[in-house]
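*Asks:* Chains as they are written, first to last, in this note's numbering: chain A, 1 to 118; chain B, 119 to 220; chain C, 221 to 703.
Be a bit skeptical, because a hint or two may be false.
In the DSS-like style, the derived pairs of lysine-lysine whose C-alpha atoms are separated by at most 30 Å in a straight line are [what the hints assert, rightly or not]:
1. C/Lys284 to A/Lys112
2. C/Lys572 to C/Lys254
3. A/Lys112 to C/Lys254
Distance windows between CB atoms, simulated [stated by the list, open to error]:
4. A/Val17 to C/Met445: 34 to 42 Å
5. C/Leu244 to A/Ala13: 58 to 66 Å
6. A/Ile93 to C/Leu698: 30 to 38 Å
Residues of chain C clear of chain A, computed beta-carbon distances all greater than 12 Å [to be verified]:
7. Leu244
8. Arg369
9. Met445
Keep in mind that the hints were calculated from the coordinates and are not lab data. Just so it is clear, CB atoms sit at the ideal spot from N, CA and C, and this is done for glycine as well.
These are the residues of each chain, in order.
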Amino acid sequence: MPTDFLPIAVLIALATVLAFLVVLIGHLFGPRRPTATKLEPYESGMRPYGPGQRRMPVHFYLVAMLFILFDVEIVFLLPWAVVLRQLRLFALIEMVVFIAVLLVGFVYAWKKGALEWE
Amino acid sequence: MIPLSWYLILAAAIFCIGVYGVLARRNAVAILMSIELMLNAVNINLVAFWRYMSPGVISGQAFAVMVFAVAASEAAVGLALIISIYRRRFTVAAEEIDMLKW
Amino acid sequence: MNAGDFSTILPLLLVTGWACVLLLVDLFIPRGRKAITAALSALGLLTAIALLLSQFGLEREAFKGMIVVDGFASFLQMVFLLSGLFGIALAYDYVRRQNIERGEYYTLLLFTVAGMMLMAQAGDLIVVFLALEMLSLPLYVLTGIARPRPDSEEAAMKYFLLGAFASGFVIYGVALIYGATASTRLSEIVAVVQAGQAIGGLLLAGMAFILVGLGFKVAAVPFHMWTPDVYQGAPTSVTAFMSVGAKAAGFAALLRVFLVAFPDVAPAWAVVAMWVSAFTMAWGNVAAIAQTNIKRMLAYSSIAHAGYILMALPAAADPAVASDAVGAVLFYLLAYAFTNFGAWAVVLALEKKDGQGLAIEDYAGLGARRPALALAMALFMLSLTGVPPTVGFVAKFYLFRTVLQADLVWLALVGVVTSLISAYYYMRVVVVMYMRQGEPEVRSEGWLNATVLLAGLATFIFGLLPAPLMGLAARAGLLTFLR
Numbered sequence: 001m002p003t004d005f006l007p008i009a010v011l012i013a014l015a016t017v018l019a020f021l022v023v024l025i026g027h028l029f030g031p032r033r034p035t036a037t038k039l040e041p042y043e044s045g046m047r048p049y050g051p052g053q054r055r056m057p058v059h060f061y062l063v064a065m066l067f068i069l070f071d072v073e074i075v076f077l078l079p080w081a082v083v084l085r086q087l088r089l090f091a092l093i094e095m096v097v098f099i100a101v102l103l104v105g106f107v108y109a110w111k112k113g114a115l116e117w118e
Numbered sequence: 119m120i121p122l123s124w125y126l127i128l129a130a131a132i133f134c135i136g137v138y139g140v141l142a143r144r145n146a147v148a149i150l151m152s153i154e155l156m157l158n159a160v161n162i163n164l165v166a167f168w169r170y171m172s173p174g175v176i177s178g179q180a181f182a183v184m185v186f187a188v189a190a191s192e193a194a195v196g197l198a199l200i201i202s203i204y205r206r207r208f209t210v211a212a213e214e215i216d217m218l219k220w
Numbered sequence: 221m222n223a224g225d226f227s228t229i230l231p232l233l234l235v236t237g238w239a240c241v242l243l244l245v246d247l248f249i250p251r252g253r254k255a256i257t258a259a260l261s262a263l264g265l266l267t268a269i270a271l272l273l274s275q276f277g278l279e280r281e282a283f284k285g286m287i288v289v290d291g292f293a294s295f296l297q298m299v300f301l302l303s304g305l306f307g308i309a310l311a312y313d314y315v316r317r318q319n320i321e322r323g324e325y326y327t328l329l330l331f332t333v334a335g336m337m338l339m340a341q342a343g344d345l346i347v348v349f350l351a352l353e354m355l356s357l358p359l360y361v362l363t364g365i366a367r368p369r370p371d372s373e374e375a376a377m378k379y380f381l382l383g384a385f386a387s388g389f390v391i392y393g394v395a396l397i398y399g400a401t402a403s404t405r406l407s408e409i410v411a412v413v414q415a416g417q418a419i420g421g422l423l424l425a426g427m428a429f430i431l432v433g434l435g436f437k438v439a440a441v442p443f444h445m446w447t448p449d450v451y452q453g454a455p456t457s458v459t460a461f462m463s464v465g466a467k468a469a470g471f472a473a474l475l476r477v478f479l480v481a482f483p484d485v486a487p488a489w490a491v492v493a494m495w496v497s498a499f500t501m502a503w504g505n506v507a508a509i510a511q512t513n514i515k516r517m518l519a520y521s522s523i524a525h526a527g528y529i530l531m532a533l534p535a536a537a538d539p540a541v542a543s544d545a546v547g548a549v550l551f552y553l554l555a556y557a558f559t560n561f562g563a564w565a566v567v568l569a570l571e572k573k574d575g576q577g578l579a580i581e582d583y584a585g586l587g588a589r590r591p592a593l594a595l596a597m598a599l600f601m602l603s604l605t606g607v608p609p610t611v612g613f614v615a616k617f618y619l620f621r622t623v624l625q626a627d628l629v630w631l632a633l634v635g636v637v638t639s640l641i642s643a644y645y646y647m648r649v650v651v652v653m654y655m656r657q658g659e660p661e662v663r664s665e666g667w668l669n670a671t672v673l674l675a676g677l678a679t680f681i682f683g684l685l686p687a688p689l690m691g692l693a694a695r696a697g698l699l700t701f702l703r
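With these hints in hand, go ahead and build the complete structure from the sequences.
*Replies:* Pasting the structure below:
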């Protein structure tokens, strides 16, 4: 029911107001002495240089692709783990086959040099 | 509880955004993302239907997991093709890839 | 689940497992010796054919109805395995001469065949979707396997984007049907619909989405735009395989889903299928006339043939004609496979480097230069038109008859008239081959010639003696769950 969400709505409103208030107070009452260094974008101590949008080596995409492929297997492992005790040996064999198929893909990618960084 | 129709409307809206993206965007990567959006709309539908219509049978959830895996493999194949084209032509704009007439 | 369940998918398991093994074995086969991979994959397909033959006639459900084995599935699986063999035969010399020989070609082909075989056996919408992806994803890659050739890459990307878009529609439709009936099992869906417990709006919307998505896959108007570009850009050996296998798999899904799960809502989808079929026949044949490139012409021809096959769907909506219509489609698909592989083999023989030798004009003088090849091409063109004594004629006759049985006289008329139109562009190839002077540069490669010979013989012999094959198709047309 919509009324169930009232506390959450109040919380969201309060959080928003509070955040704005804090920034506003700092802005109004804080001292301001800008220097060149202070105005630079903060880059964890690194000196920023060059345009913000640098080109990434296409290699990143390759690794990302492989990551996606081998990452989603988890989505099958999770429900499998839940019912393993009921299905017993059969489920275990099924999962071994599943992992073996993934392994085939992994070995293929490895041998083809997709995992090497230049 | 929130009625089922809300979820269906949400999924339909996301699906439509995906379809619009495929038809309107020019960047191949953006089109790929729009297709993923369509698949995710389907997942919302599947899980919502499972919860409201047949919570006892898990086929809806299992189906959503399958869609996950398929979406990932589609993304991988798509990205591979796009990279392969980009390496040679330095563009991913679908309208500039026009050697064959549409 | 027991061992019996696994025995029903044994040929499928064999092809999939063999493809995985081959993927690894191929890593250790040096470049330039990829003929070994080709031979090994052909061996796998042959073994699968033997296995399939050993269990022909088996009819049962497995994995709680997710997998169905019946005549329909076995017949189509045979078509797919044969297509795979033809696909390897056509690719064998072609990939070498085009410098695109890669071992992955054959493994991807095997994976595609496995996906198609799964499609034929699907008894559940989840399996239909999985099979659809399993056959499509390797095909996208196969289309682009001639990389760095830009037209191949481009075709692959187009095929991928539109194909993935279409599968999005299929899966959305499946989700809606799951919502309408609370099941994805085809046999359960039909029970829910019969009991009147399905949610009508969701069911109709779901069917519409599935029809759109599968319409993309079989290249039916108005979802055909990708076909000419993809067929032209893809390596010709891939195009040949795609035009037969992928289309047949799409129709397998259409027939299985609509005839098994939705026979009770037939009036709703039959009307749509009827109009789509009519427009597909008309546009495919008319647009083919304007083509000067043989690959594009055959692409439009394949669109037109999708239209003919689609006629069977509204016809099958009539329960009395249903099994006849399915039988007609099966026979048509087999006939189309033989004829089309033959025609593409001739195209392959004339193709030169960099996409030269693909204009219809390049066929001038073929009749004088290579009479046997020209004769075979003429036979294939006649068969595609549907002129006796070819298998194409028998298939069309059988199909049109079932359409008439279902009282769809105007649809059959559209089919006949568009067939007459199609004679114009098919015969143009024959005219150019025999009436024009020219010096075509033609290859003579062992496997290519064998394919032409085999396809030519099949086209001719089954055109004269169609009875045994037709009987087989008719028996296979009795879907297990068709009432």
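*Asks:* Hint by hint, note whether the structure agrees.
*Replies:* Verification of the supplied hints:
no. : hint                            : verdict
1   : C/Lys284 to A/Lys112            : violated, 40 Å
2   : C/Lys572 to C/Lys254            : holds, 21 Å
3   : A/Lys112 to C/Lys254            : holds, 16 Å
4   : A/Val17 to C/Met445: 34 to 42 Å : violated, 53 Å
5   : C/Leu244 to A/Ala13: 58 to 66 Å : holds, 60 Å
6   : A/Ile93 to C/Leu698: 30 to 38 Å : holds, 36 Å
7   : Leu244                          : violated, 6 Å
8   : Arg369                          : holds, 20 Å
9   : Met445                          : holds, 28 Å
When the structure is compared with the earlier hints, violations turn up for hints 1, 4, 7 and for no others.
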